[in-house]
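Q: Given only the sequences and the hints, what does the whole structure look like? Please build it.
Chain by chain, the residues run as shown.
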Amino acid sequence: MLLGLITVCCVLLITVYLVISGIPAIREIGLVNFLFGKEWASTASDPKYGILPFILTSVYGTAGAILIGVPVGFMTAVYLSKLAYPKVKSVMQFAVSLLAGIPSVVYGLVGMLVLVPGIRKIFNVPDGASLLAAIIVLAIMILPSIIKMSITALDAVPKEYEDASLALGATPIETYFKVSVPAAKSGIAAAVVLGVGRAIGEAMAVMMVAGNVPNMPDSLFQSVRFLTTAVSSEMAYSSGLQRQALFSIALVLFLFIMLINATLNFFLKREKE
Amino acid sequence: MLNKSLSKKRKGFEVLMKALMLLSVGLTVALVLFLLIYVLGQGVPNITWELLSTKPSYLTERIGILPDILNTVYIVLATLLIVLPLGVGAAIYLTEYASNNKLVGIIEYAAETLSGIPSIIYGLVGMLLFSNSMGTCLMAGALTLVIMNLPTIMRTTQESLKTVPQSYREGAFGLGAGKWRVVRTVVLPGCVDGVITGCILSVGRILGESAALLFTAGFAHAVNGIIDGLAAPGATLTVALYVYAKEQGEFGVAFAIAAILMVLTVLINFAAALVQKHFAKRRSL
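Order-wise, the sequence lines are chains A and B. Note that our numbering has the first sequence beginning at 1, numbered continuously upward. Note that our numbering has the second sequence beginning at 1001, numbered continuously upward.
Please keep in mind that the hints were generated in silico from the structure rather than gathered at the bench. Incorrect hints may appear among the rest.
As a list, the in silico DSBU-like pairs of lysine-lysine whose alpha-carbon atoms are at most 35 Å apart [claimed, not checked]:
1) A:185 x B:1008
2) A:159 x B:1011
3) A:159 x B:1008
4) A:121 x B:1008
5) B:1179 x B:1011
6) A:148 x B:1008
7) A:269 x B:1277
8) A:121 x B:1246
9) A:272 x B:1008
10) B:1018 x B:1179
11) A:148 x A:185
12) A:89 x A:159
13) A:159 x B:1009
14) A:148 x B:1246
15) B:1162 x A:121
16) A:87 x A:159
17) B:1102 x A:272
18) B:1009 x A:185
19) B:1018 x B:1008
20) B:1018 x A:269
21) B:1162 x A:269
22) B:1018 x A:159
23) A:148 x B:1179
24) A:159 x A:178
25) B:1246 x A:272
26) B:1018 x B:1102
27) A:89 x B:1018
28) A:87 x B:1102
29) B:1277 x A:272
30) A:269 x A:159
31) B:1009 x A:178
A: In structure tokens:
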């Protein structure tokens, strides 16, 4: 009983700690100034603590990653669940879990040395460390969760639905996309939401490829800073109000994640029904 | 013969979807192969015995990753040692003892929430909670990882507990065994494979973790024994990779570490697949 409660305590502890350490800076800076301030200059003589650039970057970055990662992951999942030979399916599932297991710093390293110079050359920009590089890395990193969850949802579609559709003269491909996919839509939606959570919470890989300058994300080639990287990049040398502001950023990130978790649970519950 | 009778529109849909699917699968396969080949290709030539068996020295400008390897081993051991009793105990309580469904619901919801929290937040809370009281050290990192891995161990144990047939428990009760005795002699042996799966998954997660350790365990490179090591700050392999790549520009070393991590990831995945296969076989008996 006590052991079970430890988990609850952990969650409460994390929430309470984040709220307690996050509130003072927001109070001092002012909620509106903090959330909608367009400038972050924490080390300037007249420090400014506006995190709108980080919020927008995280939102754009996640949206971009979803835009690229979801179609690819979804199509792969349909193929693996419905069309692939069992052998191919098991080999591919192994490859996908490998992709999920690769540490994020390795993605960051490869991104730093392949993607960043690549973007610089192809688009002829001065620095390839940009929002675009981060979007591509994030799209790759969310791919395994999307594929895995979509396959589970698609595998659970009752065979009778498909048989009925086939018997009515639909081709297999039509059946999969017009019968199986709609039947599995809650599960696939959950996969997308899980991807959003992964993308918005990722720190290290993004830190290595996004350039880490607190700009507003006006273009794909801008060097930007995410909510997660804002916390980690200044934590080592911060103090006073600056440090408290970092905790407030973490609080904002935490709220985002809680919102995403609630959405995820909603879809998962519907899938069960 | 079927295709001939299809209208143009339906045929188009068919061809388009097939092409998109193959393209996506091809992309995924290419990605995995590229990552494996690129990282191993860049990393393996940089792995030397000297790199593996020494610690970094500014005097001779030598870089060695022995301390990072040791730190990784220590932190994995310490984390598992603490998280196993907690996670397995919680799972046993939830499936065997708990009668209050509302409480079970709350605990399970809490576990789900925990597994969705990004590691950077764990790092921050771990820093406030553990590092502030005991200093930046491996133990603080291990305790942070305990919280992170608790849901994993709990879930896998719970899943395997659910596969122990109810009739086993009833049989033991019928023979006059008490609750604790039933748990110890019938239920626990039945969930060993779940615990092992949980351990493998956790080891994988600990190996790959960096954001949560950066501020809790620090990034020193000293060679220590396990007791001293846990009390001292130290970098694990992933943190060392980050520091070498981002802060020092030592890409050769970074790739060597990346290659080692890649091989470990493959091994862990193999192990997990094997245990799962074993698991499925046993369940079907």
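Q: Regarding the pair residue 148 of chain A and residue 185 of chain A, is the alpha-carbon distance no greater than 35 Å?
A: holds, 14 Å
Q: Assess, step by step, whether the Cα of residue 1018 of chain B is no farther than 35 Å from the Cα of residue 269 of chain A, and give holds or violated.
A: Roughly 31 Å between the alpha carbons, so the hint for residue 1018 of chain B and residue 269 of chain A holds.
Q: Do the alpha carbons of residue 121 of chain A and residue 1008 of chain B lie within 35 Å of each other, as the hint requires?
A: violated, 42 Å
Q: When you check the alpha-carbon spacing of residue 1246 of chain B and residue 272 of chain A, does it fall within 35 Å?
A: violated, 44 Å
Q: Keeping to a limit of 35 Å between CA atoms, is the pair of residue 1018 of chain B and residue 1008 of chain B held or broken?
A: Roughly 15 Å between the alpha carbons, so the hint for residue 1018 of chain B and residue 1008 of chain B holds.
Q: Measure nothing beyond the straight line between the CA atoms of residue 272 of chain A and residue 1008 of chain B; if it is 35 Å or shorter, mark the hint as holding.
A: violated, 38 Å
Q: Is the straight-line distance between the alpha-carbon of residue 159 of chain A and that of residue 1009 of chain B 35 Å or less?
A: holds, 26 Å
Q: Does the structure keep residue 269 of chain A and residue 1277 of chain B at a Cα separation of 35 Å or less?
A: Given pair residue 269 of chain A, residue 1277 of chain B holds - Cα atoms ~28 Å apart, limit 35 Å.
Q: Straight-line Cα separation of residue 185 of chain A and residue 1008 of chain B no greater than 35 Å?
A: holds, 28 Å
Q: Between the alpha carbons of residue 1277 of chain B and residue 272 of chain A, is the straight-line distance 35 Å or under?
A: Holds, at roughly 25 Å.
Q: Within 35 Å, alpha carbon to alpha carbon, are residue 89 of chain A and residue 159 of chain A?
A: Measuring from Cα to Cα gives roughly 18 Å; hence the hint holds.
Q: Quickly compare the C-alpha distance for residue 1179 of chain B and residue 1011 of chain B to 35 Å and report which way the hint goes.
A: Distance ~64 Å between residue 1179 of chain B and residue 1011 of chain B Cα, so the pair is violated.
Of the hints listed earlier, those the structure fails to meet are numbers 4, 5, 9, 10, 15, 23, 25, 26 and 28, in rising order.
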